[in-house]
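Engineer: As they're listed, the protein sequences go chains Y and C. With our numbering, the residue at position 131 of the first sequence is 131, and numbering never jumps. With our numbering, the residue at position 137 of the second sequence is 137, and numbering never jumps.
Hints should not be assumed to be uniformly reliable.
Only some residues are given here: those of chain Y computed to face chain C with a beta carbon under 10 Å [claimed, not checked]:
no., residue
1, K131
2, S202
3, K250
4, E253
5, F296
To be clear about the criterion: a stretch of chain C counts as covered by chain Y if any three or more of its residues have a C-beta under 8 Å from a C-beta of chain Y, and this derived list gives those stretches [said to hold, decoys possible]:
no., stretch
6, 2-15
7, 80-89
8, 108-115
9, 204-211
These are calculated hints, taken from the structure and not from any lab test. Note that the Cβ used here is the ideal one computed from N, Cα and C, for glycine as well.
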Amino acid sequence: MKKLLLIGMLLIFATGSSFAEYRLGALFSTTGPASFLGMPEKQTLEMLVEKTNKNGGINGEKIELFMYDTRGVDAAARKKFIRLVKRDNVNAVIGPTRSGSTLAIKDLAEKFQVPLLSCASSDKIINPLNKYVFKVAPSDKHAVRKIYFYLKTKGMENIAILTAQNGFGDSGRDALLSEAEKMGLNIVADEKFRDNDRDMTSQLTKISERNPDAVICWGVGPAPAIVAKNFKQLQIEAELIMSHGVASKKFIELAGDAAEGIILPAGRLLVAEKLPDSSKFKSMLVDYKNEYESTFGESVSTFGGHAYDAFMIIKKALLTAGKDKEKLIKSMEEITDYIGTYGIFNFSKKDHNGLDKDAFILIEIRNGDWELLES
Amino acid sequence: MQFIYSGITSGSIFALVALGFNIIYNTTGIINFAQGEFVMIGGMLIYTLLSIYGIPLFMAVPVALLLALIIGILFDKIFIKLVKVPNEINLITVTIAAATIIRGLAMVIWGRNTLNVSGYIPYSVISFPGGSLTSNSLLVIAVSLLTAFSLSLFFKKSSLGKAFRACYNDKMAASICGVDVGHIRMLAFGIAAFLGVVAGIVTAPITYVTYTDGVMVGLKGFAAAILGGLGNFWGGVAGGLLLGIFEGFFASILPSGYKDAFAFLIILFVLFLRPMGLFGKKKAERL
């Protein structure tokens, strides 16, 4: 029975693939702790591939999608990447979802000479630069710069930082410290918390003794919500700023009233409808949002936007270059002024991310909803 | 000063968990490493009753507490009674296995997301000299201390409570005097689960509930029990409060990244210098 199934599956694979011209691989963490990132990416990509094929494909050729779940595990990402390259013979790979998984397969992309468009954020993915590795998610330093520019215009110079002790918090802390030095801001307090900490008043008391103008909290999950609550409880007189890690409705739900007035950097998709009509992004974002929400019956997430950008970039490159891998990379490096969900991409030979601080906009939480702070 | 107020809040939760450890230790001689999971279940139960079924608070709390007793008794019936060779090492291992199973089940039932329970009393900030507490934190402290007091009364005054203490002193003698030791052990698990669920209910609006919450709270409660002297009732309460205050204190004078480490470092020192805990007495043994 098992053999029969296997043969059947092989047949399906064989017949299905023999017609398709462009073979696109994808690695997303659709289960496991990062599934809230991976699921919207997977669904977005499926939606876009189906739509493109319905409209006649790329250069008249259909796209076939080979997608695997990494479960957020680095070793699984390596295994599935090799499978994509050797068995499925793909032209390019979108993903993985997580920074760690991307870094784990960086060397494989070079070894097998397959273009990889990561949906993860770590700066290390493109620095040092690997010819085959691209990244469509903005880096932490872009978010940090966006915040620091805002603080500078407000004349705030003394900053306290409160970061999570995990991958996201640590890389955020690095960016916060190094960018502060470049921009001449003073870090007056540098505190940390653990994801399972249930009380942050000790750290916040220490911070408030240093009289900062602004407190920047970098974390994901319930801990930043507790920071927000404790911040209100201690009546600290400073601006509270959070990272894009809390840019989800779940945060507002958890923090409740304490979320009011918090400022954070986020992707434009979050406030698509509230963008001014003059914005270059508005129509594209609203279309994507409506299409996603009507297809899957759940609200769109900025993480799905990464898969959107990755697909559009690879589509553009395939249109001009075809499947030759060297040409494909060259044409991706030549993409400029592409308006994506996360800002305007300007790739070059030296910049495989193509984004700057304007990938983010600043939003403020008002009446339990996101409001655009400035354009 | 703020660290004292916050420390007492988190400490009173550790105290309740430590009491759960002590009660089971006293009646069975084992450490129940699933004690923290009871706290998580408490939060999950109250979330389910309030937010999913929409039951009013004054009904939801008794229902949750009743369920807690049942869960504790089932825990004894399923995990503890069925062990063929019920020596201490085997039973402790079983509690670790049970904790993992409970956590897994909670993940399946309630999912991986953090769940929010809204406050039971109106939110307000009460200022104290050098710091402040929220109304919800005060509720945590009040409920925890009240629970500890009523439990100590139960052990001192009621005949059932006396049977508990008899089991602690000498199981053999207690059973000769007509105390059903197995029955007492079952009740001990019931009460331990009850305490955990009380802790889970009162903290849910402050800390939210996630299926992994039991791990850390269990470990800290265990540390509090050790600090106060394993098996000592008021030692557990004092140990919990002290641990909470130490934690807050270390986080406010040292780099906060080491907060948890310092809390456990205290435990190491206690074990090096005073192995019976701060308030523990050595049990007299006849040779």
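Engineer: Of the numbered hints stated earlier in the document, which are not met by this structure?
Structural biologist: Those not satisfied are hints 1, 5, 7.
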